[in-house]
Structures are given as C-alpha cells and as structure tokens.
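Going down the list, the sequences are from chains A and B. Position one of the first sequence corresponds to residue 1 (this note's numbering), numbered consecutively onward. Position one of the second sequence corresponds to residue 1001 (this note's numbering), numbered consecutively onward.
Please keep in mind that the hints were generated in silico from the structure rather than gathered at the bench. Honestly, I wouldn't trust all of these hints.
[To be verified] To spell it out: a stretch of chain A is covered by chain B in this simulated footprint if at least three of its residues, at any positions, have a beta carbon under 8 Å from a beta carbon of chain B; those stretches are:
(1) 41–50
(2) 104–117
[As the list claims (entries may be wrong)] Within a straight-line C-alpha distance of at most 30 Å, the following computed DSS-like cross-link-like pairs (lysine-lysine) qualify:
(3) A:Lys57 with B:Lys1026
(4) A:Lys57 with B:Lys1070
(5) A:Lys14 with A:Lys70
[What the hints assert, rightly or not] Calculated Cβ distances over 10 Å to all of chain A for the following chain B residues:
(6) Glu1017
(7) Asn1022
(8) Thr1064
(9) Asp1066
(10) Asp1083
(11) Thr1084
Idealized CB from N, CA, C, for every residue including glycine.
These are the residues of each chain, in order.
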Amino acid sequence: DGGITQSPKYLFRKEGQNVTLSCEQNLNHDAMYWYRQDPGQGLRLIYYSQIVNDFQKGDIAEGYSVSREKKESFPLTVTSAQKNPTAFYLCASSGSRDRAIAKNIQYFGAGTRLSVL
Amino acid sequence: SQQGEEDPQALSIQEGENATMNCSYKTSINNLQWYRQNSGRGLVHLILIRSNEREKHSGRLRVTLDTSKKSSSLLITASRAADTASYFCATLFNNAGNMLTFGGGTRLMVKP
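Chain A on its own, in the form it takes in the complex:
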C-alpha cells in the first residue's frame, strides 16, 4: 500500500447523498485509476486519468465523477445517481510514461469500504 493513501477506510452514505473518496499518491506517477470490487469478485474500472486535467470513463462510470486537478490527487465522488454504491473501492496509480514496463504495473491503496445507511 506504500505510496498511495486512500481515505476514509470506511464510509457510510445516506440515501440521496453524494460522498467523496480521497486518493493521494507520492510516487510521481502520471496515471491513476479507480476500481470497484464487489464481494468475491474481481475489479471493475470506474474512471482513469493518464495525465493532470484529463480523465476517461471506464466500464462502470455511471453514477460516479472524478477530477484530476493535481498529479498527486484523484478523488472519486459517488453521486446519488449510483443506486447500488455498496462496495470496496480501490485506487491505483502507475508509473511515468518514459519507463515502458514500469508504467504498466499498478500500485494500489488500501481501499475504502462504502456502505449505505
């Protein structure tokens, strides 16, 4: 988990509420990612960002939003439009683009577990 900090570890959302999950990295990585993991399942990509001020939708972006104003930070907002937000959310980053192999290896935070009240 070193180098990527996710907070909070646990989060509870009330119906109709937007909540924001924090992800900060000090690895000087260009790319950052958000994944959703449901119990016993693999990872599904929500959003990713290859560079500051740019991001793209992943496979399950509906009901989520992101921003990438700083290289170190990639917060994820779970909006009220996401009707089934209960899941484990993982943030990851990968290396600078001039290292051909290293850029593909992803480093993960410890995750945020989101539940609905």
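The hints should help you fit chain B onto chain A, whose structure is shown.
Chain B alone, transformed into the frame defined by chain A:
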C-alpha cells in the same frame, strides 16, 4: 470488461503443497501480470511476464505464458499459511495504453 478468466475460483490446500491457478484471456496481449490481495486490502503486484516470454520465476512463484492457448498459470511452491489470499491475473492488451483488465481471481486458502 473482465476478459481474463481464472480457475479455479477457489482452492484449498495444505501447507507445503503446491498451488496452481490458471488465467485465460481472449485477445492478444502486451504483457500479463499477477497480483495478490489479502482480505480487505489493496492489491500487490507479484510478477509480470511479457508476451515474448514463456516462463518467469520469482522466489517461490513460477509463471508460465502460452500465447497460442491464450493462457497463463501461476504456481506457488511449498505453500505457507501466509500465502492465503486472492490472486488475480491482469492483462495489458495491445493498443490499450496503460489499461489493465483484471480477472475474477482465485481465492487460495492454505491450511496449517
């Protein structure tokens, strides 16, 4: 989308035994990676094998890649209770930029 599929979904073995888990994928890849996830934690990168490599070793881990069959296997030798975790393969498809596609994982339990 999850194009990597792993089997078995779950595996239970005794300490000291070897554990083998497999990953299959559908389209040509640049490289394939294996990650480990302890319960309730983030993933940790274990090993990467490029599409032009057939086998790679790292400590007690051995990874093979058969691009003709579009499959890979991860072997953990002389398993320990501390190896209990979920193991995921992740593929980097050609023309996918930095995007990895993760499989559904194999949940390994090593009994002491």
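Against the structure, the hints come out as follows:
| no. | hint | result |
| --- | --- | --- |
| 1 | 41–50 | holds (count 7) |
| 2 | 104–117 | holds (count 9) |
| 3 | A:Lys57 with B:Lys1026 | holds, 22 Å |
| 4 | A:Lys57 with B:Lys1070 | holds, 27 Å |
| 5 | A:Lys14 with A:Lys70 | holds, 29 Å |
| 6 | Glu1017 | holds, 23 Å |
| 7 | Asn1022 | holds, 15 Å |
| 8 | Thr1064 | holds, 19 Å |
| 9 | Asp1066 | holds, 20 Å |
| 10 | Asp1083 | holds, 19 Å |
| 11 | Thr1084 | holds, 15 Å |
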